[in-house]
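Residue numbers (my numbering), protein chains in the order written: chain A, 1 to 429; chain B, 1 to 292.
Everything labelled a hint here was simulated from the structure, so no lab data went into it. Among these hints, one or two may not hold up.
Stated by the list, open to error - Quick list of in silico lysine-lysine cross-link-like pairs, DSS-like style, CA-CA up to 27 Å: (1) A:Lys-240 - A:Lys-398; (2) A:Lys-176 - A:Lys-398; (3) B:Lys-102 - A:Lys-419; (4) A:Lys-429 - B:Lys-102; (5) A:Lys-127 - A:Lys-398; (6) B:Lys-36 - A:Lys-77; (7) A:Lys-419 - A:Lys-429; (8) A:Lys-373 - A:Lys-351; (9) A:Lys-429 - A:Lys-127.
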Amino acid sequence: MALPRTRRSISSAIALTAASALLLAGCSSSSGSDSGAVTLEFWGWAPGLETAVETWNDANPDVQVEFFRMTGDDGAKIPPAIDAGTAPDAVQMSVHSLPGHIINNRLIDISEYTDGLAEQFTPSSWKGVEFGDGIYAIPQDSGPTGLMYRSDIFEQYNLTAPATWDEYLETARALKAANPELFIGQFSPNETGFWLEQVWQNEGTFNTIDGDAWTVEVNNEQSQEVAAIWQTLVDEQLVKVVDMWTPEYWAEVNAGTIASINYAAWFPALLAENAGATAGNWSVAPSPTFAGSDAAGETGGSVDVVPTGTENVEQAVEFLTWLNSSDESLDILIEEGGLFPTALAGLDNPKMLTEQEFFGGQVINEVFVDAAKTVPSSWVDGPNYDITQDALKDEFAKVGTGAQTFAEALDAVQALTVKNLTDAGLSVK
Amino acid sequence: MRVAPYVFLTPFILSFVIFMILPIVVALYTSFFQVKRSGLGFGGDNDSVFVGFDNYVQAFANSAFMDSFGRVLLFGIVQVPIMLALSLLLALLFDSAVVKAKRFFQLAVFLPYAVPSVVAALIWGFLYQPRVSPIVEGLADLGVSVDFLGPGTVLWSIANVAVWSVTGVNMIILFSALQTVPREMYEAARLDGASEFRMALQIKLPMIYPALLLTTLFSIIGTLQLFNEPMTMRSVTSNISGSYTPNMAIFNATTLGGNINLGSAMAIILGLATFVLSIVVSVATNRKKGKA
């Protein structure tokens, strides 16, 4: 029986609408359409990226970049997105995450597009993106260390900024003797960056690659040397045991009980933001050095990767190379974003050298730029960096309460890391 | 045949199957596999291989995971009775004629439950930290030095947050159950010369047994699944380890360690433990009720 007249016209109207919708959807595809323009999706969190992307888009009508600012837990969304095939074309991530992602086949080897690029970056930052014969990321920013100290407190007690770790211990003892309420620095079990930077400075590492196997170096000689220094600091109560980034921590900093912080180039901005009560009283000196070396430490910074599943790999690499090594882009990222670059051109950029009011008008980046050039190339991340870092936090917490020594903590983390790798079936020597 | 009831039930059953049953089945399936790697792990196929109960063996051999169970059980044994006793006391007080401005106090007791657990943990985290906490600083001025976030005390600090949060809602449940008790029983008891206290103990309490069992079971299930408070407070103290509670250990294994198979096995173990404990509590209380 035929449909009544009104029902028939409604169903044909619906069919027509559906057909045209499908047609229009086909016309609005973003990449590979008849104009030849390629659109890349880029996720990152460094300040100033929007402006840099805008500049690129104006100059490159055939490769357009859509930028998404990452906040909060967006970083945790990336690995599942890559596994599901819905990840962006380029992503910013921490350099330490690379091996873990590589063994899960989440990153594309971009070595065929990066000829001659190595010379444009610091050796230590380029080392972080090389695995085997492949290049898996372009270095973006880094965190070389400097000693941020309270110049007013040092002046009050006739102290000078220590040049070596031995001098640091002496200064610590002198400060404690002069005023038992103050501490030369902090021991924050939850901030493994402090540990990592000093091990790196001492040419140590958490892992190495030995032929076809990983090695775990968490409790090796270089780490033990750093542990000895920290054990003295904790035993003699020369450092304040306080978890970092907590309201309690900033209260301590603002109250002036912590006289120096030996941390990365990205920390001064956060210090200025949270320790307003102490503005103008800080200075930056080169980090204390280990005997026989003038190397500074490094916490590791961010890199930009091309996830598996990206179709326009060459264009993505072209964009990321421009972003991280061109003068145009570095000008924007340094001036507007306060980025501390890994590109040598960036380190030599005069825009880096601005006076910082919080540090009494000192041009603090002079210290950090010099430091960046001395960072050792010893560091190798292992595929279970997150596990190692979390275990360090837990074990160091026990050291902070006096339940064990640093040496014992390192042994425990070493054993746990090795077990975690072997349980996953990886070769460990 | 009447179709209407099934039509009304379908949306619920569909959502229940998709969001509750299916994930459990997937987790169970995943827990019997492992991703086999070799050498450095670069350039591998990352195929999942059937390994039987290997993941379960690994989970049971993980001392941090097993310790976390012990920890939440200790937590439960202390926190659940205290919290329920408090809720029961408040419910009985509200039910008797003793309290004036009943509505106001009921609301005041219930309000903490309206605070999301993460926010509650953050607020209490502030109240526990030296220097920023009025409590700690106030006690310090009186000469008493307290460490709420020390390794031995942090568990009970978390328990305090839990008690503060859920006493109100359990009180409401027990109070509502008390309203269903027929008033004639009280009249009869008063005529027989029973005091308020005896009435509470020997009439009201047995009459709300089912509600008490309900709140006990929910509290036990909630305790075993403890995650929000310790996870949030981990940002203010490093004395809470990464595997402090079973759920945190599972989070560690899957998100930090990337091992979904082991995480699934651990989750199944947690689910089974909760199930067994619930049954034990049910049977024990039913037997008690039977005797009474």
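Status of the hints after comparison with the structure:
1. A:Lys-240 - A:Lys-398: Roughly 15 Å between the alpha carbons, so the hint for Lys-240 of chain A and Lys-398 of chain A holds.
2. A:Lys-176 - A:Lys-398: Roughly 24 Å between the alpha carbons, so the hint for Lys-176 of chain A and Lys-398 of chain A holds.
3. B:Lys-102 - A:Lys-419: Roughly 59 Å between the alpha carbons, so the hint for Lys-102 of chain B and Lys-419 of chain A is violated.
4. A:Lys-429 - B:Lys-102: Given pair Lys-429 of chain A, Lys-102 of chain B is violated - Cα atoms ~70 Å apart, limit 27 Å.
5. A:Lys-127 - A:Lys-398: Cα-Cα ~33 Å, so violated.
6. B:Lys-36 - A:Lys-77: Distance ~24 Å between Lys-36 of chain B and Lys-77 of chain A Cα, so the pair holds.
7. A:Lys-419 - A:Lys-429: This hinted pair holds, its Cα atoms lying about 12 Å apart.
8. A:Lys-373 - A:Lys-351: Given that 27 Å is the threshold and the Cα spacing comes to 18 Å, the pair holds.
9. A:Lys-429 - A:Lys-127: Measuring from Cα to Cα gives roughly 22 Å; hence the hint holds.
In this structure, the earlier hints numbered 3, 4 and 5 are contradicted, and the remaining ones agree with it.
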